[in-house]
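All chains should be modelled from the sequences, with the hints used to inform the complete structure.
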Amino acid sequence: MSSQQRLHALDAVRAFALLAGIVLHATMSFFLPIPAQDVSQSTVLATVFSLIHPWRMTTFFLIAGLFARLVIEKRGTRGFVSDRAKRIVVPLVVGWVILAPLTIGALIWGVARTADPAAREAMSAAVAAGTGTVGAFPLVHLWFLYYLVIFYVLLLAVRAAFSMLDSAGRVSGVVDKIVRPLLGSYVAPFVLGLPLFAVMGFDPRIVLMGGIPTPDSSLIPQLPALAGFGTAFALGWFVHRQLDLLGQWRKRWIGHLVIGLALFAAYSYLPGLKPGTTAAWLPAEWGTTPFAVCYILGIWYLSFGVIGAALKLCANESPARRYLADSSYWMYLAHLPIVFFLAAALAKVPLHWAIKFPLILGITIGVLLASYHYLVRPTWIGEILNGRRYPRARAASPQPNGPTGPKRGLKPRAVDGEFGAASQPQPSDATTAAAAAALAAEPPLAELVRATKRYGTTVALAGLDLEVRRGEVLAVLGPNGAGKSTAISLWLGLLQPDQGEARLMSRSPLDVEARREVGLMLQEVVLQPTMRVRELIALTASYYPSPLTVAQTLELTGTKELADKLASKLSAGQKRQVQFALAICGRPRLLFLDEPTVGLDVQARETMWRTMRELIAQGCSIVLTTHYLEEAEALADRVAVLARGELIALGTVDDVRSIVSRKKITCSSALPVGAVRAWPGVVDATGDHHRMQITTADAEAVVRRLLASDQNLRNLEIKQAGLAEAFAELTKEAA
Amino acid sequence: MSHSIVRHLVVKDLRLAGPLVTGSFVLGVLSLALSPWSGVAFFVGGSVFVVTLVLLNVMLVSMSLMNERKDKVRVFLLSMPVSTSEYFVAKLVSSLLAYVVPSVLLTLAAIGLLVATPLPNGFIPLTVAVSVHCLLYFCVYLAFALVSDSQGWMTTIIVFGNVSISFVIPGLINMTSLNGTLGAETAVWKADTLGFIAIELVLAVVALVISFIVNSRKTEFI
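Heads up: the sequence lines are chains X and L, in that order. Residue numbers for the first sequence follow the numbering used here, beginning at 1 and rising by one. Residue numbers for the second sequence follow the numbering used here, beginning at 1 and rising by one.
A hint or two may mislead.
Stated by the list, open to error - Below, simulated EDC-like cross-link-like pairs (lysine to aspartate or glutamate); rule was C-alpha separation at most 16 Å, straight line: (1) X/K663 <-> X/E700; (2) L/K12 <-> X/E535; (3) L/K218 <-> X/D511.
Source of the hints: derived by calculation from the structure; they are not laboratory data.
See below:
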């Protein structure tokens, strides 16, 4: 999974956490007297609330910690402070000035409208008591920004301290070593829940408040919020140090969700949905601890499940998701006065909650989306909140903000200026030119478009562009680990690219239709030892719509004498022949052959080559991976050389031969290197007058000119570059 | 989904599993034949009966799925016009057939033996419950093998599955409903025995359904 995909997924899950907050606040009046006691109470919405509440802010702070490190890495400490001041502190201060009075006003109106006098008095008394305490301050729902600021300050302080005391990063290294196996298992929540359990495990407020008490009424940092959300923030930071760990959540998302939901069922059942009660069958002396254990574990399992689900399901860029992700910050900031106002206004309306709840949600989201689209996204407010302003004309179609520059690494190497252009067929006359043009006009049988594939931190393919055309033999060459097998696996749909696209017969390789015309010969496939060759061919042919008969296959591949032999009795070379027969028995239009002639004797190899040529003559295309260069030379129309997942050379066999036929001239000469480099026939010239190295495709002409131009030429040496040497040179450059 | 492809795959798997299924069936019959001769023979025969079901389970799944994956046969098959759902359904059907048919026949044979001999018929509910538990073990193991490539997970399932049998049989024997009725002339079916069987069957189905869902979302096969 690429880092860009991870960012898409994390952006999506952060937005999901914020938007879930809107849903959560919209449920409140249907089972709590906040902001108003609705006449239609709902256990369903109480359940929705208690399902969303535990993981939402933990997930948010976890991702905030991860992005905090990303921003520090990208912009440095000073840039981080400036960025956070603009995007967190400004919305906190300005937002509070505008939103807090509106929210509190809606709340007071709602309570006044719906609560009975006794309840009103009790709430007034509670508010009065609260305002008398030190640090009391109505942060309303913007408390999360306040805590973010606290965490950022703590983070910078701890970071500064560690940079002085532990410049070698030993402590961070130890934490990394702890975090890795922890997240690689299902036990992480037991460890991550400890700080919060230490603070709240025996505190009855955890039941009364339905989880971590919301720290929205005081400027003095509250211990439960610091413990719960601080752990999440710190975890996010450490996960960013080893981003591949996200793969663990991606892999276990179903497991985490299932466990989280089971814990949700448990913590919902233990106290019942009425706050302050406990299950009758539990020993009284256990108090609220069983609830606390289930709840705290539930927080983490659900958070991991949600993040993992996003990594699994939202990795690809989606304009709609991106738009929602951008809008979610604004929507969350601005939603509460609207939700509270609507809840208070509708509280006494005699309609069922199933009508009122969607109405509140629909109106709120509609107003917020419209205000975002017209008042925020294209204006300076959007620039503050999202870091960029979208011009009105483009506002509806966001552009990806990821890097779009040229891909890293070597470009496909041009051999004598032919590659690229040379990747087209090289006609020798008008007829073949026309045929080549016709072929080129046909869609490729298989193509990879900027395909990237990673295994953990290893890049197997890095933005590979490669296609296979009708009737051609494409030899894919490269050292072990170059990405050849990965490329073929992408073409066959056995792997999916992290980025880019793989197509087979102009379809997705996962489409069975695409594979009806494909044959594959793999090196390592074990033939079923208890079956005879004839049976193996018949069985394989049975999967294809119009296969060759067994007799035709045996005839074509020269394996008639093996027909009644058990697979277990075949020699290594004979097994290769049978595998070849299995690959062609479906009458493929495209044949993938992986090291087809390894272990074959000369006669069997000749037979296989002859069969391949017959298939090519019938219009079949072949993708050939081989370490035998002479095999590629004998069969291939084009050669692609891969190294470290990148295409480093692509061209016809003649183009490749031109590399092979190059010579290296070494000499001591007074001639300027730059001037020699400009001579016809010189591919490159380096060094100085003590020792000049010239690479040329026309050694004789260059030597003649050297001798003519410099009477004092000394130490002349000419060396022929061999086939293996040329490829070693190519792949060495890429290494 | 092509029924023809699924049929071909099922026939192939059944053919390959044939010797194992036949061998297990013969071993199961021998274990039953041993049982009526004495108390010790009954104990040994019963144990071999259970071991036969476990062996068939483990070897069948290992051969049909894990070896096929290790030998790259799955990659080869999935590079052909065989969809993942066809492959999954074929594996499910062939594995279930190869396990369920002999295990049901052996269980019926065991019941027949209890009915036809002086052995107490009170053992019939226990025999059925143990067979159903072995079926659950098989379904869970099969479900994991269908979705996971991890040898470690497979080993864990085998360990837990085998250990579970060691707990389930004494647990069933000590269950109030079975405890007093094992020596009875007639089979006594009580609610908790039936409940145990029903729950195990439901769990078996759930395991397979979950594996189907997970498998249908899978896009990488190497």
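Hints versus structure:
| no. | hint | result |
| --- | --- | --- |
| 1 | X/K663 <-> X/E700 | holds (10 Å) |
| 2 | L/K12 <-> X/E535 | holds (10 Å) |
| 3 | L/K218 <-> X/D511 | holds (14 Å) |
In this structure, none of the earlier numbered hints is contradicted; all agree with it.
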